[in-house]
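S.K.: So the chains spell out like this:
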Amino acid sequence: MNKLLALTLAACMASPAFAGGDAAAGKQKSQACAACHGADGNTPAGPDFPRIAGQHEDYLLKALKDYKSGARKNAIMGGQVSALSAQDMADLAAFFASQRGSLAVIR
Amino acid sequence: MRISLAFLLLCTLSLPAHGQTGNAEAAKGKNSWCMGCHGIPMYKTAFPEVYYVPKIAGQSPEYIAKALQEYRAGDRSHPTMRGIARHLTDQDIADLAAYYGAGGAK
Chain A
1 MNKLLALTLA ACMASPAFAG GDAAAGKQKS QACAACHGAD GNTPAGPDFP
51 RIAGQHEDYL LKALKDYKSG ARKNAIMGGQ VSALSAQDMA DLAAFFASQR
101 GSLAVIR
Chain B
1 MRISLAFLLL CTLSLPAHGQ TGNAEAAKGK NSWCMGCHGI PMYKTAFPEV
51 YYVPKIAGQS PEYIAKALQE YRAGDRSHPT MRGIARHLTD QDIADLAAYY
101 GAGGAK
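In the order they appear, the protein sequences are chains A and B.
Numbered according to the numbering used here, the first sequence spans residues 1 to 107.
Numbered according to the numbering used here, the second sequence spans residues 1 to 106.
Be careful, since some hints might not be right.
[To be verified] For lysine-lysine, the following DSS-like pairs were computed, each having C-alpha atoms within a straight-line distance of at most 25 Å:
#1 Lys-44(B) / Lys-73(A)
#2 Lys-27(A) / Lys-65(A)
#3 Lys-29(A) / Lys-73(A)
#4 Lys-68(A) / Lys-27(A)
#5 Lys-29(A) / Lys-65(A)
#6 Lys-65(A) / Lys-30(B)
#7 Lys-44(B) / Lys-30(B)
#8 Lys-44(B) / Lys-28(B)
#9 Lys-68(A) / Lys-44(B)
Don't read these hints as lab results, they were simulated from the structure.
Pulled out of the complex, with its shape left as it was, chain A reads as follows:
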């Protein structure tokens, strides 16, 4: 476990391009997300909206980046991310990943 932590830390420090997400800052920026995904990210407003609470942080960040680059297309999300900076996206990913959610891993 310690080794894993050290490795993770080393990986973070070795990649200067990655702006580390700040969950508290992400919460401040999450009002727009709450309208569809729920304030906690676990209570979506409808079945078309995914749960994002407790989802892996790097996956959430990738999704946001893909919406911004156009690699992933969604009319709502494409509009939402257009005004977000790299730091905003990292913060939001950190916030929602840190929330308790009902997503699970099953075979």
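Place chain B on chain A using the hints.
M.R.: Below, chain B alone, put in the same frame as chain A:
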């Protein structure tokens, strides 16, 4: 003729999109491709970039079905998921959506 065509169109429109009813039990014979990545806690993809594969159990069946349909249509970009979704029928997608959609609901 025109009326019956219009009626037919109306009937089609009033059906839920991709109207298949999912059978979670049937999905158990179809999810061997899924479990190799999504069934392993903290599993990371190595291709095309490294990140944790998303947790999918507990999303709504509608969202899972939509994701698979988008991969199948080429509207969503992950190459592995596209390769897999290409082989899924509408019924397969409905069954897998029912299975994983029910999985996280506690």
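S.K.: Failing hints, ascending?
M.R.: Violated: hint 6 alone.
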